[in-house]
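The listed protein sequences correspond, in order, to chains P and V.
Residues in the first sequence are numbered from 2 upward in steps of one, following this note's numbering.
Residues in the second sequence are numbered from 5 upward in steps of one, following this note's numbering.
Any given hint could turn out to be false.
Which residues of chain P face chain V? A few of them, derived with a C-beta cut under 10 Å, are [as the list claims (entries may be wrong)]:
#1 F29
#2 A33
#3 L37
#4 A43
#5 W44
#6 W53
#7 L105
#8 A108
#9 S183
#10 I185
#11 A188
Now the in silico label distances, taken between C-beta atoms and shown as ranges [to be verified]:
#12 V156/P with Y130/V: 16 to 24 Å
#13 A17/V with V156/P: 22 to 30 Å
#14 A70/V with P38/P: 24 to 32 Å
#15 R7/V with L26/P: 19 to 27 Å
#16 S24/P with V102/V: 17 to 25 Å
Short derived list, chain P residues pointing at chain V, Cβ under 8 Å [claimed, not checked]:
#17 L26
#18 F41
#19 Q180
#20 V189
#21 R200
If you're looking for bench data, these hints aren't it; they were derived computationally from the structure.
C-beta: ideal position from N, C-alpha, C; glycine also.
The lines below spell out each chain.
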Amino acid sequence: MNEAASPKESEREGPGAKHFIKSALTRFILAAIAWLPVTFGAWYLLGPVLLWPVRLLVQLICRVGLGDLVRGVEAGGSSMAFLTTLKPGEGLGAGFVSVDVNMLVYAFGMPLFAALTIAAREAKWWRTLAIGYAVMVPFVAWGVLADFLKGIALVAPAAVASQAGFSGLQREMIAFAYQFGSLILPAVVPAVLWVLLHRAFLERLRQRAG
Amino acid sequence: MLRFFLLFVVLLAALFGLELTPWVQDWFVVPWTNALARISTWIVTLFDGNVVATGKVMRSNANGFAVSIEAGCNGVEATLVLLAAILAFPAPWTHKAVGLVIGILAVQLLNILRVISLFYLGQWNYEVFEWAHLYVWQALIMLDVLVVWLIWVRRVPRIDDSRGPPSAPPALAPG
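Same shape as in the complex, but just chain P:
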């Protein structure tokens, strides 16, 4: 983490400092917007690679905690197919129910975090990127798992949902976990992470503004 501006730096700032400072924030915002298409493109192309740890984590959780519901997890690019032990119901044919989840829906915070981090131009930004990525992986896994659970507990026909055996309270918890994991976490986690990992940058902005 970089240190905040030293007193000597502050002394060097002349009458034009305020203008420079204001434009420093503007420059950061413009740089972040400029980097977004680049980071989004890279994120989309590298999606299967970037989301590989998410898939591993989800597979591990399914094996440990959802073994009775999930027979296996198959990957297809940036999507995951959950192969369940649930039957589609009478008159709907043989086989088992599978649920597809688009992992990118829960991972759009990765390119946002990358654009913000590169735009801040702090030292060792690549290390910050790596830390941010590692921290975001479990939150993306949260969204993917909650999406799957919503699929079998709340969206599936009653004949399928009843086989899952979730209680009323569990269904409420799944609904909340899905809403929180889709509406709040994907967007908030990268922003909060960026703030936490750029305290010195923010402090410099504040000191210069004050």
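Given the coordinates of chain P, work out where chain V should sit on it, guided by the hints.
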């Protein structure tokens, strides 16, 4: 920083939980979402008279294409994030009030642009619409919230200015 972070998380979880209650949905979220559809439609009719709003749905009479403004696209969650971030940050209440009014306006104005742009992107190319809807606009709205918060934080006076030499405020102190 720890205090700000914990307070932000608690406030956000509480506000989001409150948002999901039937009472808040019925009395605030649904009316606001319907109003958003009407406002967006009104703006669009300034240059395209073939658009109507029904509830939370914007529909083109020319080709039948319609968008339904659902949770996550009505700007409510983004507003809650900004609300939690401003309330959790140590600042005088007057500054918080001003920041909230201007900040919420900024978030909602960009959200109207999101709704209108998605309405036309969907008529042009569904793949591009999906990309913009699921990924790009989500990130842009959060970027808007972060930028509004950063601008507000820069203008907030340090609450510890009178207690000693200039130092990092608790919320931003390098740790």
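Is the shortest C-beta separation between A188/P and chain V less than 10 Å? Holds. Min distance 4 Å.
Holds or violated: is there a CB of chain V closer than 10 Å to the CB of W53/P? 19 Å, violated
Can the hint on L26/P be confirmed by a CB-to-CB distance to chain V that is less than 8 Å? 7 Å, holds
So, as I understand it, the hint says S183/P touches chain V; can you test that by seeing if any CB pair is closer than 10 Å? 7 Å, holds
Cβ-Cβ distance between A70/V and P38/P: within 24 to 32 Å? 29 Å, holds
Tell me if the interface restraint on V189/P is satisfied: Cβ within less than 8 Å of some Cβ in chain V. 6 Å, holds
Given a hint of 17 to 25 Å, does the C-beta separation of S24/P and V102/V actually sit inside it? 23 Å, holds
Under 10 Å is the threshold here; is the Cβ of L37/P close enough to any Cβ of chain V for the hint to stand? 7 Å, holds
Holds or violated: 16 to 24 Å for the Cβ distance of V156/P and Y130/V? 22 Å, holds
Using Cβ atoms only, decide whether F29/P comes closer than 10 Å to chain V, and label the hint accordingly. Cβ of F29/P sits 8 Å from chain V, so the hint holds.
Is the hinted range of 22 to 30 Å satisfied by the C-beta distance from A17/V to V156/P? 24 Å, holds
Does the hinted range 19 to 27 Å hold for R7/V and L26/P at CB? 24 Å, holds
The structure does not agree with the numbered hints 4 and 6 stated previously, though it agrees with the rest.
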